[in-house]
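Chemist: Next come the chains, spelled out residue by residue.
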Amino acid sequence: DGGITQSPKYLFRKEGQNVTLSCEQNLNHDAMYWYRQDPGQGLRLIYYSQIVNDFQKGDIAEGYSVSREKKESFPLTVTSAQKNPTAFYLCASSINGRGHEQFFGPGTRLTVL
Amino acid sequence: AQSVTQLDSQVPVFEEAPVELRCNYSSSVSVYLFWYVQYPNQGLQLLLKYLSGSTLVKGINGFEAEFNKSQTSFHLRKPSVHISDTAEYFCAVSSGGSNYKLTFGKGTLLTVNP
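These protein sequences, in sequence, are chains A and B. To convert a position in the first sequence, counted from 1, into this note's numbering, add 1. To convert a position in the second sequence, counted from 1, into this note's numbering, add 1375.
FYI, nobody ran anything at the bench for these hints, they're computed from the structure. Treat the hints with care, as some may be off.
To be verified - Derived BS3-like pairs (lysine-lysine); straight-line CA-CA distance at most 27 Å:
#, chain 1, residue 1, chain 2, residue 2
1, A, Lys-84, B, Lys-1476
2, A, Lys-10, B, Lys-1481
3, B, Lys-1433, B, Lys-1481
4, B, Lys-1433, A, Lys-10
5, A, Lys-72, A, Lys-58
6, A, Lys-58, B, Lys-1444
Stated by the list, open to error - Just the calculated beta-carbon pair ranges, DEER-fashion:
#, chain 1, residue 1, chain 2, residue 2, range
7, B, Thr-1486, A, Asp-31, 25 to 31 Å
8, A, Asp-31, B, Leu-1431, 40 to 46 Å
9, A, Asp-60, B, Gln-1446, 24 to 30 Å
10, B, Lys-1433, A, Thr-80, 43 to 49 Å
11, A, Lys-71, B, Pro-1387, 44 to 50 Å
12, B, Pro-1454, A, Asn-54, 44 to 50 Å
13, B, Ser-1429, A, Gln-18, 36 to 42 Å
14, A, Asp-39, B, Ser-1401, 21 to 27 Å
15, A, Thr-80, B, Ile-1458, 39 to 45 Å
16, B, Asp-1383, A, Gln-18, 36 to 42 Å
Claimed, not checked - Examples of chain A residues toward chain B, derived with CB under 7 Å:
#, residue
17, Pro-40
18, Leu-44
19, Phe-105
20, Gly-106
21, Pro-107
C-beta: ideal position from N, C-alpha, C; glycine also.
All chains, full assembly: derive it from the sequences and hints.
Modeler: Here's what the structure looks like:
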């Protein structure tokens, strides 16, 4: 089955540690996205990539980094510079083009202790 | 710049009652509109989308939405809800350009009570 996988489902880290969240898709989509979700805040865009080896900052990129070395993979690193990293993180992908919906992974819940 | 306002953060209803979840958007250009549903601790699933054509759009699970350009609204409706419709619903807008980004509303929690 085609889809988006995110791992792990739950992640715990100590304050001050960097952590990398995995996102893989086998839908052959060009575009991939990372969102952060906090209660009552909706989804906020962290980074997005429209093509391999290229990515752009979203609305809340500070304290995060990404890479796009392969079409199917778009890992997100939450660095120690992110002041409030505890959140639910969602990865999505879409066909590159106007009007195409985004398909979402199951999410990773990150808790920083 | 585009934005989305979901007018109700929570909507409680009884089973088999009709429901309307309200969404207003702002954009200076033509838009594409989406409704997504999220069940607890899961990703988002597309319910329906408006791209062009008929302003009444039908989606999965018996939901439909109507695009109203003059009122810049895209309200979601279902004539009779079930317990299983309890979830959070997000309205999103894309106004094109070169990046095809979606802007999401803050969500409406629909709770269906027996």
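Chemist: Under 7 Å, Cβ to Cβ, is where A:Pro-40 needs to be relative to chain B, so tell me if that hint holds or is violated.
Modeler: Interface hint status for A:Pro-40: violated (9 Å vs cutoff 7 Å).
Chemist: Quick one: are B:Thr-1486 and A:Asp-31 within 25 to 31 Å, going by C-beta?
Modeler: Given a distance of about 38 Å, which is not inside 25 to 31 Å, the answer is violated.
Chemist: If you check the beta carbons of A:Asp-31 and B:Leu-1431, does the distance land in 40 to 46 Å?
Modeler: violated, 31 Å
Chemist: Taking the closest Cβ pair, is A:Phe-105 under 7 Å from chain B?
Modeler: holds, 4 Å
Chemist: Given the hinted pair A:Lys-58 and B:Lys-1444, is their alpha-carbon gap at most 27 Å?
Modeler: violated, 31 Å
Chemist: Just to be sure I understand the hint, the distance between the Cβ atoms of B:Ser-1429 and A:Gln-18 should be within 36 to 42 Å; is that true here?
Modeler: violated, 52 Å
Chemist: Taking 43 to 49 Å as the stated bounds, is the beta-carbon spacing between B:Lys-1433 and A:Thr-80 within them?
Modeler: Because 44 Å falls inside the window, the suggested range holds.
Chemist: Are A:Lys-71 and B:Pro-1387 spaced within 44 to 50 Å by their CB atoms?
Modeler: At 45 Å between Cβs, range holds.
Chemist: Given the hint that B:Lys-1433 pairs with B:Lys-1481, test it: the Cα-Cα distance must not exceed 27 Å.
Modeler: holds, 23 Å
Chemist: Per the hint of 36 to 42 Å, is the separation of the Cβ atoms of B:Asp-1383 and A:Gln-18 within bounds?
Modeler: Holds, since B:Asp-1383 and A:Gln-18 (Cβ atoms, about 39 Å apart) stay within the stated range.
Chemist: Note whether the CB distance of A:Thr-80 and B:Ile-1458 lies within 39 to 45 Å or breaks it.
Modeler: Hint holds: Cβ distance 42 Å, inside 39 to 45 Å.
Chemist: Regarding the hint that A:Gly-106 lies at the interface with chain B, is the smallest CB-CB distance below 7 Å?
Modeler: holds, 5 Å
Of the numbered hints listed earlier, those contradicted by the structure are 4, 6, 7, 8, 13 and 17.
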